[in-house]
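Chains as they are written, first to last, in the numbering used here: chain A, 1 to 185; chain B, 1 to 303.
It should be emphasised that the hints constitute simulated quantities derived from the structure, not laboratory data. Built from N, CA and C at the ideal position, the CB exists for glycine as well. Mixed in with the good hints there might be a few duds.
FRET-style restraints, in silico, Cβ to Cβ [to be verified]:
1) A:G85 <-> B:T160: 44 to 50 Å
2) B:F175 <-> A:P144: 52 to 58 Å
3) B:P205 <-> A:E58: 50 to 56 Å
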Amino acid sequence: MVPFLSFSHPHVFIDNRIAVVFNEKGLKGFNHEWTFDEMFSSTIIQEFDLNADGEFGEEEIKKVEEGAFSNLKEYEYFTDIKINGHQFKIQKVNSFYAEIDSGVMVYEFFIPCEVIAGLEKQEVIISVFDPTYFVQVMLATEDPFSFVDTLNVEFSYEVFEDEGNSYYYGQIIPEALKLKIRRKT
Amino acid sequence: MRRIAILISLLFVFDTVLAQDNPFLSKEKSSVEEKAKGKSFRYPGFTHKIMARIGKFQRSLNKNLSLLTKRIKETKSTKLLFFIMFVTFIYGVVHALGPGHGKTLTFSYFLSEETNIKKGIAVGCIIGFLHATSALFLVLLLYFTIKKAHLNNIEEMSRTIKLVSYALIAVIGLFLLAKKVYDIRKRRGFKGEEIEIQNTQSIIPFAIAVGLVPCTGSTIVLLFSLSLGVLKIGIISIIFMALGMATTISIVGILTILAKSKVKKILSEKSNGYSLFQNIVSVLGAFLIFMLGAILFLGVYAG
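This is chain A alone, in the form it adopts within the complex (with noise of 0.2 Å):
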């Protein structure tokens, strides 16, 4: 009868970018792409670019960064990692930058998460989303996943619909990252 009483809106679209980044001993961390939707980016353009030269200069990504981004740790920067099945609490986020491409604005930040790759496989699963709902976070379609620093490490990696982290009464399902590495032999 009242179907269509069950969708939801979100008031902020994020498209997300990560470059799983690797270093002699395994993996690093994730680096995060956002890149938002034009109209949410310019109530955060007009609110920070002081100047309105239409860049956020050094001063104005740390007033970005203050003023809206650091609440995000509240939500564990909509970021869900599993190490080996067992949940990773972010603990910190660095190397925020925040710029202005032609009106749209983009989020960039690393989150350190390190695992010592061995000679038996490990498994990685990173999800991104906002569970409030407030925000609703897709992968990018051109080019979501990035490696780097490859060179220690054998890995494999497959997109899938995590279940286990469905939101909204298994109403949303998020499309997440499972990430498979071990040392290179």
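Put chain B on the given structure of chain A with help from the hints.
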């Protein structure tokens, strides 16, 4: 009765919160997360496929809206203006389907009150338009006074408005509850005789209390148009968004009224059931309004 039960559970699940907090700005952590992640209730598997489509659909509506606004600014085309009216109307319809926008409250109200379809539509329209007007008022006020219409300070002001709105809702609920209980006792006084108590209750205080909270979606559209220097297009956009939201809320009202009258028709064949049902839903509806108002108020106040 089963339909009613389904209706209740559906509305509750999706509309437990009247307005969401912006995770980028809000200092208070929303409790929605815990609720929404709860495993107590889950929708069947196919819904997420529909939701994924709707998500993409909204995304493209949003994109179209910003593109159209820019185009109209450049070309001043009237044809595109009509197109933007259409897009924003649909955006409003879909937008109000989500959590918030007072659907549960509207449902509870019509559960409690004896009304007709006309009133259902009126409530939808008042809530929808006030919702958008409130956003417009805030944006303009801040823009013309301190020249700083930012999402941040708008949300701060909305917090105060929310408190007022939720307090009013709780008071209205309490008032309705008292009235219903009083009516039932009065009716009991005349044994055997069915006394129709005239309902002169005005829908306006309720609709105003609910609609008062500014709509974040409209605020974002307005701020965007302001940033391009085409406030007029923004205003036209939110008028049609309001019309779309009004449509959705009206439909909720109408469905509630229809479902209730259908149940009543079935029950009227059994004399006892009718008045019992009438009493239960009217008290329940009023109680729900009070509870929701109180919960929402405390949620914002404590935050």
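Consistency of the hints with the structure:
1. A:G85 <-> B:T160: 44 to 50 Å: With Cβ atoms ~46 Å apart, the hint holds.
2. B:F175 <-> A:P144: 52 to 58 Å: Since the Cβ atoms of F175 of chain B and P144 of chain A sit about 54 Å apart, the hinted range of 52 to 58 Å holds.
3. B:P205 <-> A:E58: 50 to 56 Å: 52 Å, holds
Hint compliance for this structure: no hint is broken.
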